[in-house]
Amino acid sequence: MRQEVIVEVIAHAKREIPNECCGLLLGFSDDIDEAYPARNVSASATRFLIDPADHFDAIRHARASGRSVRGAYHSHPRGPSAPSETDAAAMTDPTLLHLIVSLQDAEPRISLFEWARGNFVAVDLVPEP
14 MRQEVIVEVI AHAKREIPNE CCGLLLGFSD DIDEAYPARN VSASATRFLI
64 DPADHFDAIR HARASGRSVR GAYHSHPRGP SAPSETDAAA MTDPTLLHLI
114 VSLQDAEPRI SLFEWARGNF VAVDLVPEP
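The opening residue of the sequence shown carries number 14 in my numbering; numbering runs sequentially from there.
Treat the hints with care, since some could be wrong.
[Claimed, not checked] What follows is a set of in silico ranges between Cβ atoms, one per label pair, in the way DEER data are often shown:
| hint | residue 1 | residue 2 | range |
| --- | --- | --- | --- |
| 1 | 65 | 119 | 28 to 36 Å |
| 2 | 107 | 43 | 28 to 36 Å |
| 3 | 24 | 142 | 16 to 24 Å |
| 4 | 99 | 77 | 31 to 39 Å |
| 5 | 44 | 24 | 16 to 24 Å |
| 6 | 78 | 141 | 12 to 20 Å |
| 7 | 139 | 93 | 19 to 27 Å |
| 8 | 28 | 66 | 18 to 26 Å |
| 9 | 129 | 43 | 14 to 22 Å |
| 10 | 139 | 28 | 19 to 27 Å |
| 11 | 44 | 69 | 19 to 27 Å |
| 12 | 78 | 117 | 28 to 36 Å |
| 13 | 59 | 136 | 17 to 25 Å |
[To be verified] The calculated lysine to aspartate or glutamate pairs, modelled on EDC-like cross-linking and capped at a C-alpha distance of 20 Å, are:
| hint | residue 1 | residue 2 |
| --- | --- | --- |
| 14 | 27 | 17 |
| 15 | 27 | 120 |
| 16 | 27 | 118 |
| 17 | 27 | 64 |
| 18 | 27 | 47 |
None of these hints come from the bench; they were simulated from the model. This structure is a prediction, so every number in the text was calculated from the model and none was measured. Where a beta carbon is used, it is the ideal one built from N, C-alpha and C, also for glycine.
Starting from the given sequences, assemble the full structure and let the hints guide the process.
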């Protein structure tokens, strides 16, 4: 994952405080190179729902450059960078990676997950220049 994607996700999360932010991660099969911010139609500090119009815009934007939606991201303004029970219950696409940014501490924390056998499993997050 490109370093600038991580920077943009953190900035988006900070802009949306006290609510959760959300968006999509775009790229090629082996590289995530863009964070595509979306509106959180839940407007909540404890849950998110990506605006369907923003979701379709992200798909079109990615396809125009030969890329695809590789994952989704959201923030936990007052919680850890781990999936919550709400996140697991709301899981709709097991093919997507899930990036979660926590703002509960002074330094933001980011974790990446994939869905495997009905659970979120941590994936190594390796920022690239």
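Each hint tested on the structure:
1. 65 - 119: 28 to 36 Å: holds (35 Å)
2. 107 - 43: 28 to 36 Å: violated (19 Å)
3. 24 - 142: 16 to 24 Å: holds (18 Å)
4. 99 - 77: 31 to 39 Å: Given range 31 to 39 Å: holds, Cβ gap about 33 Å.
5. 44 - 24: 16 to 24 Å: The hinted range 16 to 24 Å holds for residue 44 and residue 24, with Cβ atoms some 20 Å apart.
6. 78 - 141: 12 to 20 Å: Between residue 78 and residue 141, where Cβ atoms are some 18 Å apart, the hint holds.
7. 139 - 93: 19 to 27 Å: With Cβ atoms ~21 Å apart, the hint holds.
8. 28 - 66: 18 to 26 Å: Roughly 19 Å apart at Cβ, these two residues keep to the hinted range, so it holds.
9. 129 - 43: 14 to 22 Å: At roughly 19 Å between Cβ atoms, residue 43 and residue 129 fall inside 14 to 22 Å, so the hint holds.
10. 139 - 28: 19 to 27 Å: The hinted range 19 to 27 Å holds for residue 139 and residue 28, with Cβ atoms some 26 Å apart.
11. 44 - 69: 19 to 27 Å: holds (23 Å)
12. 78 - 117: 28 to 36 Å: holds (35 Å)
13. 59 - 136: 17 to 25 Å: holds (24 Å)
14. 27 - 17: holds (15 Å)
15. 27 - 120: Holds, because 11 Å separates the two Cα atoms, which is no more than 20 Å.
16. 27 - 118: Cα-Cα ~12 Å, so holds.
17. 27 - 64: holds (19 Å)
18. 27 - 47: holds (18 Å)
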